[in-house]
Amino acid sequence: MNQRRWNWNLWAGFLLCLVGFASYFFVFARFPTTRDVPWINFLLFGTGGAFLFRGLKRAFGQPQQYRGKIAGPILGTLGLLVVGGFCFGVFYQSRKLPPSTGAPGVGQKAPEFVLPDTNNDPVSLTGLLSSPLSDTKAPPKGVLLVFYRGYW
Amino acid sequence: MAISVDTPEVSRDLCKKAGYTYTFLSDAKAEIIRRYDLLHPGAGADGQDIARPAEFLLDSSGVIRWVNLTEDFRVRARPEQIIQEARVLK
Numbered sequence: 001m002n003q004r005r006w007n008w009n010l011w012a013g014f015l016l017c018l019v020g021f022a023s024y025f026f027v028f029a030r031f032p033t034t035r036d037v038p039w040i041n042f043l044l045f046g047t048g049g050a051f052l053f054r055g056l057k058r059a060f061g062q063p064q065q066y067r068g069k070i071a072g073p074i075l076g077t078l079g080l081l082v083v084g085g086f087c088f089g090v091f092y093q094s095r096k097l098p099p100s101t102g103a104p105g106v107g108q109k110a111p112e113f114v115l116p117d118t119n120n121d122p123v124s125l126t127g128l129l130s131s132p133l134s135d136t137k138a139p140p141k142g143v144l145l146v147f148y149r150g151y152w
Numbered sequence: 001m002a003i004s005v006d007t008p009e010v011s012r013d014l015c016k017k018a019g020y021t022y023t024f025l026s027d028a029k030a031e032i033i034r035r036y037d038l039l040h041p042g043a044g045a046d047g048q049d050i051a052r053p054a055e056f057l058l059d060s061s062g063v064i065r066w067v068n069l070t071e072d073f074r075v076r077a078r079p080e081q082i083i084q085e086a087r088v089l090k
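From first to last, the protein sequence lines stand for chains A and B.
Residue numbers are given in the working numbering: position 117 of the first sequence equals residue 117, and the series is strictly consecutive.
Residue numbers are given in the working numbering: position 19 of the second sequence equals residue 19, and the series is strictly consecutive.
Hints listed in this document are in silico derivations from the structure and should not be mistaken for laboratory results.
Among the clues, some could well be false.
Said to hold, decoys possible - As a list, the in silico DSS-like pairs of lysine-lysine whose alpha-carbon atoms are at most 27 Å apart: (1) B:K29 x A:K96; (2) A:K141 x A:K109; (3) B:K29 x B:K17; (4) A:K109 x A:K137; (5) A:K57 x A:K69; (6) A:K109 x B:K29.
Construct the entire structure; sequences and hints are all you get.
If you want it as structure tokens, here you go:
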């Protein structure tokens, strides 16, 4: 009877690819140093790829000792898809932004607006620039407008 | 001030959860977003039009002194950067 060993490298490699993918969204995207360039995730993908490669070598190079001639290529392909999907999202999707050439630039007056705040009270830009602040009792020296995608 | 297409109620929940104290404004119809040419059509989770990320630092007379139009929506201006730019304002 031929006792072939479980090819754990294949599964470890694939798991690392999954962890590399998911950890970006759940953990590393919260910190600028690991969000801007996802180097930890690339490290995880690289290590996962190494395990997958080792597992495939064993499955096909030592088929009497190791299983995985079917699971190997499947997990390897899935792993590649996960890494590919991640790279697509991180290098392509997040850069697909409109040119916004009409946005006001330095030296121009910011267009006026009146918008509701979280209590549905109207807030105007002119009002903000002229109303005294509660602590200094003087109008603000400046205003920072942060446009963001939204929280959904 | 933070501006997005989120309704005031959604922003209120976000502020409560995250503890933000600065002003959140709601531009639900994206009118101001369009005025500032920041519209990103269909980029929302349900295909709605949203703003592309951008920051404008205004001085006390409402003139823009610094603009950051991100090339990648994952990479935003760091607070230290903005504070440094703000120090120049009188």
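Outcome of the hint check:
no.	hint	result
1	B:K29 x A:K96	22 Å, holds
2	A:K141 x A:K109	15 Å, holds
3	B:K29 x B:K17	24 Å, holds
4	A:K109 x A:K137	24 Å, holds
5	A:K57 x A:K69	10 Å, holds
6	A:K109 x B:K29	23 Å, holds
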